[in-house]
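**Q** Protein sequence lines, in the order shown, are assigned to chains A and B.
Note that the numbering used here numbers the first sequence so that position 224 is 224, with each residue one more than the last.
Note that the numbering used here numbers the second sequence so that position 70 is 1070, with each residue one more than the last.
If you are wondering where the hints come from, they were derived from the structure by calculation, not from laboratory data.
Every residue gets a Cβ at the ideal spot worked out from N, C-alpha and C, and that includes glycine.
Don't take each hint at face value.
[Claimed, not checked] These stretches of chain B come out as covered by chain A in the derived footprint (C-beta under 8 Å, 3 or more residues):
no.	region
1	1013 to 1024
2	1027 to 1038
3	1042 to 1055
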Amino acid sequence: MPYQARLAHVFRRRQALKRGARDALGSPMLVLLAGMLAYGSVAHQQGLDVWITSLGSVFIFALPGQIVMQEMLIAGAPLYSIVLAVFVTATRFVTMSITLIPQFHRRDRGPMLYLFVHLVAMTSWAVSMRAFPTLKRAERLPYFAGFAFTVWLVAFPGTFLGYVLAEDVPRWMGYGLALINPLFFLMSFAELRAKVSLLAVFLGFVLGPITYAWDPATSLLASGFIGGTLAYFGFEHLARWSANWREARRT
Amino acid sequence: MSTAAALLTLVLASLATYACRALGVVLSSRVSNTGAVFQWVSCVTYAMIAALTSRMIFMPSGVLANVPIWVRVTICLLLALTTGVMLVSVYAHYWL
Chain A
1 MPYQARLAHV
11 FRRRQALKRG
21 ARDALGSPML
31 VLLAGMLAYG
41 SVAHQQGLDV
51 WITSLGSVFI
61 FALPGQIVMQ
71 EMLIAGAPLY
81 SIVLAVFVTA
91 TRFVTMSITL
101 IPQFHRRDRG
111 PMLYLFVHLV
121 AMTSWAVSMR
131 AFPTLKRAER
141 LPYFAGFAFT
151 VWLVAFPGTF
161 LGYVLAEDVP
171 RWMGYGLALI
181 NPLFFLMSFA
191 ELRAKVSLLA
201 VFLGFVLGPI
211 TYAWDPATSL
221 LASGFIGGTL
231 AYFGFEHLAR
241 WSANWREARR
251 T
Chain B
1001 MSTAAALLTL
1011 VLASLATYAC
1021 RALGVVLSSR
1031 VSNTGAVFQW
1041 VSCVTYAMIA
1051 ALTSRMIFMP
1061 SGVLANVPIW
1071 VRVTICLLLA
1081 LTTGVMLVSV
1091 YAHYWL
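Same shape as in the complex, but just chain B:
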């Protein structure tokens, strides 16, 4: 692979990423921040980011694919702990 080809890929990949951000700007002019569309789109975004996070942990590509199993087990324990704290912080209000 030549450096020029890699550079061209980099430029096009950067433009593709920026295009998504710019598309958001264009579409945002039609959305108010109190409407139902806004609520729904933010739900979709939270779900997308959460999906990305869980993929990073459970189905890693790249670096994470080589993470030793004991590290992943530790992570899962931390994960359970975080989820516990999350649930308690939300529902303690009702339980107590």
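Only chain A is shown next, with the shape it has when bound in the complex:
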């Protein structure tokens, strides 16, 4: 690449990194902060160690897994069953990485990914999936890194503060904070443009509680595979059916 073009390339990537960081500074950061504060305060009430709690947010960086670990630790479950349960809740990261990484530039898909992939979480995945189609391939990894790293930085102070302030903050406030997370995801689903994804979201939403009643441990996997597969194969039929219906109504 000629010198000028290379300079422009580096500049664009740096802009993308900054844009990611800027996008994280608004509601995504506040939402994650709310979740971490709530988790910290509950861990305090249940008597988990402050360092185990806060470091969990840094190194696990997945609230459902952290909650499972905390509850099983308090209940005195054996080590292997805790690790297995956390592993099962984390299986969603396999498909999240598989759908995120092929969108990066070919040159960005090297060993450094093993570092960046730790930052994959629900927020950074949902926001990146939405932003990537508007970005050039070479800008996607910098955007993701800027966004996800900024959000990740909140994890430790958020959890630590939640733990320390647990006694000073009214209990209802903790509940309110914990509810912000699911609401944020609902809002981000509302912005989905691809209708097949929307159908998958709807089916997963309905199947979630049903499969949980059936078997809590495999509930996420089951509703993901059943709902996702139904949406993927059923969408075409549904689209054809609704097109026919509209056609029939018009005539």
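Dock chain B against chain A, hints included.
**A** Coordinates of chain B only, in the frame set by chain A:
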């Protein structure tokens, strides 16, 4: 429960979570972002995340299990509102 045992649990739980992320990196080298596999896997992921979200609201564990009923009712109203906005934003195009 000793702190050392809790620390060991934390380390192993972190590794288990990271292993899933790393497995995604390994498998992603075989997937192109236009293929059918990619479309299907992203449908599965959206469904999984939606399932997790609805579980957080309707069948909470941990903190949320103690949320007073009126808060949950408010949430459900908000939920209905969001779903309404979602449907309108998608189908207004056809209806109007």
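**Q** Next step is simple, just say for each hint if it's right about the structure.
**A** Status of the hints after comparison with the structure:
1. 1013 to 1024: holds (count 11)
2. 1027 to 1038: Answer holds; 7 residues pass the 8 Å Cβ test.
3. 1042 to 1055: It holds: at least three residues are needed, and the region 1042 to 1055 of chain B offers 14 whose Cβ sits within less than 8 Å of chain A.
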